[in-house]
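Colleague: Hey, can you work out the whole structure from these sequences and the hints?
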Amino acid sequence: MSAATARRRGVLALPWIWLGLFVAAPFVIVLAISLSSAGYGSPPIDFFIGWQNGHPTFNINLDSFELLASDQLYIRGFLNSIAIAGLTTLLCLLVGYPMAYVMARAPARLQPLLVMLVILPFWTSSLIRVYAWIGILKENGLLNGLLLHLGLISQPLVILNTPIAVQIGMVYAYLPFLVLPLYATLQKLDWTLLEAAADLGAKPWSAFFRVTLPLSWPGTLAGALLVFVPASGEYLIPELLGSSTLPMISTVLWTEFFGNRDWPMASLIAVMLLLVLAIPLLFLRGGQATAGRV
Amino acid sequence: MAPLIRLEGLTKRFGETVAADDVTLDILEGELFGLLGASGSGKTTLLRLLGGFETPTAGRVLIDGVDVTALPPYERPTNMVFQSYALFPHMTVAANIAFGLKQARMPKPEADARVEEVMELVKLAELGKRKPSELSGGQRQRVALARALVLRPKVLLLDEPLSALDKKLREHTQFELMRLQRELGITFVIVTHDQDEAMAMCSRIAVMDMGKVIETGTPRAIYERPQCRFVADFIGGANIIDAEPVGPSRVRLPALGVECAVTDSLPAKGWVALRPERISLSHEAPAGGPWPAGQVEAVAFHGDFQLYRVRMDGGVELRVAASNVPGDPKPGERAFLSWPADAPVALSR
Amino acid sequence: MRVSRGAKIAGGTVLGLGYAFLFAPILSVIVYSFNESRLVTVWSGFSTKWYGELAHDDRVLNALRLSLGIAAFAASGAVIIGTMAAYALARFGKFRGKALFSGLVAAPLVLPEVTTGLSMLLLFVLMERLIGWPQGRGAITIAIAHVTFAVAYATVIIRSRIASLDPALEEAAADLGARPFAAFVAVVLPLIAPALAAAWLLSFSLSLDDFVITAFVTGPGATTLPLLIFSSVKLGVNPEINALGTLIVGVASMVALTATLLQRKSG
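Protein chains in written order, with the numbering used here: chain P, 1 to 294; chain R, 1 to 349; chain V, 1 to 267.
Source of the hints: derived by calculation from the structure; they are not laboratory data. Predicted model only: the values in this text are computed from it and were never measured. Heads up, the beta-carbon is just placed ideally off N, CA and C, and yes, glycines get one too. Errors might be hidden in some of the hints.
What the hints assert, rightly or not - From the structure, some residues in chain P lie toward chain V, with a derived Cβ separation under 7 Å:
(1) 23
(2) 102
(3) 121
(4) 126
(5) 132
(6) 253
Modeller: In structure tokens, the structure reads:
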């Protein structure tokens, strides 16, 4: 082995070992546990592979799979997560695209400040920020206080612990995830293209839809995915702001794991989450890469 | 004399592309050797193979008789001046120059003395404490030069040293490099795409195309006696005219309908290279004919000469570079072309 | 292109509303941390008593100490591993298993936190069964988990910086006699230092703030700040939390500012 190859292996060794042990192995284990049965004892698993009399025995249990496919709870949980994540993405786009656009068109010396103001909330504790919404949205909270004081309503609105509260919290938390990549894309746009469009007779809105929007599509897509995928797996926001009647899938996983001590079921949900979300995402990113960078 | 550098059967493949194709080349000590070619011709690859920045797919590199093919750059007696200069932005000029000496663990007083010496040599004195970002392009290049020279390499490699400089600075730097090379006696290997530069500076040139060395020789030899059409056209843009031999040192040019003398005999059907600056234009037929005639299509003013494009009666277009032509032919006028007997160069490939 | 005054006003309004939306909750926490009354809707006077109670709350102080320690460890580990991974990805061209490697590095960015948390817990349980380490869950398992997801972020930041360096710089260093490691230390490291610092700060923040993954891999006695805040919040709005939140926001903002300035300095 040449010195160069040995050196490369040296640099890659630690990352490979760490990632292999703490990222790859856990994934395999989750898969394995999802095939196992729930048991008594600690940990509450009857592993799907055993060792008896010198040869492996298999005890693949597909109860979890059956339950997942049949019980409404799980299916509804997935659909609910996808729906909420989808709506969140849409709302973030509606609010975030204009923001990113204005930021990208702002005078150059202002832009770093504008970006920083968007990044700032992202760095402060997400837990505190979600908690803040409790204080705002609860029945005797800030929002109701303000609306009552202004005379706009006569009875306090029930917002907290409803899907609306969850939606507000989600949009709030994920907005920066859309604005930042979108801003990065828009900022690189060649604005003289809009001047050319105007020169050729396009009105501002037309130019936007026919030039700006298509060109900013990769950034928009990236931002949308950056919101949709993590949002579908969000736990904290529905837990603190939502109700237990319409849980998102992460809450279901949590309950299965901590509440029912059904580790195989929780593992299966985790695997399903992965398949439903991450894999299409990877394909999409791969497709984007081969389709050419814009 | 044994060559200082010998490239033997050097081939470098990047996936499907063959950047260097079975190159065998000798470079002698004390030469200012030029690798000349268009972009993609493989000249930079060859330089990098020499410096140790690429490992060849096949072949060997020998420097001073030693096979250095497997050696990394830090073990070769070569130093490179990179096209982007690659000055360390976080270090001062003096620290940049001293970098190699520091790596070799030279004691500080000795190192400082050497740095000062080389800074004097490239006229950088007083700039030691500046950072690269505070220097002009020309100054940065001199730092890159000093940084390489301070290590007293056997071979100095220069990757397009003049391409980033403006015209005036280019000429000045050209002479500076030649002076340095003469004074220090170090072998220089320069990569350039600019033929004027190569011809002006180098003691010998290798013309490259598609990874192969097409021709090697002194500038004069390559210019006056190119061995093939590619070189004749690449260097100085000669007119390439089909030719048939009609006797010893004599050929017939069918497209022009005339016969003329050639420098060497043409063994079989081939071509003749005729440089634009050796052709004369005149409104009347000159003596010693028959001479071909055609219609002037365009005239471009180039300062010290005019470039005429003439559509000959046989259909072929020839280029003529001349100044102060009597009668001042204009586009649309007819003119005769003539040339001295030693101007046409016979080419068989 | 000339922007009409109307467009400027519209743009300013859009941004103004957007920023108001982003900052209002944070501001409400800050304001009410100084509210004498327990109730959010009643302002009964300016008071710093909640900060006083916070300073004496042992549970909070212990959790803070634990979180800070884990965060520092996680950030340092993430930067070390991340630098190696980033260098390999940016400079090694093709190498065996690069796609898998790349995927594993990025995985925590893509996976939902519950999945990462659960899978790591299962790993720790299995490891304890097979080799007896880690013994039980606690600070160590939390630290390992935090390093793992922080590596994903650190690698992105560091890789982008390494990729923007002229490769000729390292070649020049080699040409001048520096062996690869010496070249890395003398040339690459100083130039990526701001990115390393930014990556450290980001990893630190992420670790400090993590709830879900920590909840899965924690054990008895290892209560981090987010875990404490969460259980406290579940019980109802607590004015002490407002004070804590304000402090966190204050510190986090300074960290964010520093990191952003560092990143801009390194280009």
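Colleague: Now look at each hint and say whether the structure bears it out.
Modeller: Verification of the supplied hints:
For residue 23/P, the suggested interface contact is upheld, since its CB lies about 5 Å from the closest CB of chain V, less than 7 Å. Restraint check, residue 102/P versus chain V: the minimum CB separation of about 4 Å is within 7 Å; hint holds. For residue 121/P, the interface hint holds, the least distance from its beta-carbon to any beta-carbon of chain V being 5 Å, beneath 7 Å. Look at residue 126/P: its Cβ gets to within about 6 Å of chain V, closer than 7 Å, so that hint holds up.
At about 3 Å, the closest approach between the beta carbon of residue 132/P and any beta carbon in chain V falls short of 7 Å, and the interface hint on this residue holds. The criterion of a C-beta within 7 Å of any C-beta in chain V is met by residue 253/P, whose closest approach is roughly 5 Å, and the hint holds.
Against the hints set out earlier in the document, no violation occurs for any number.
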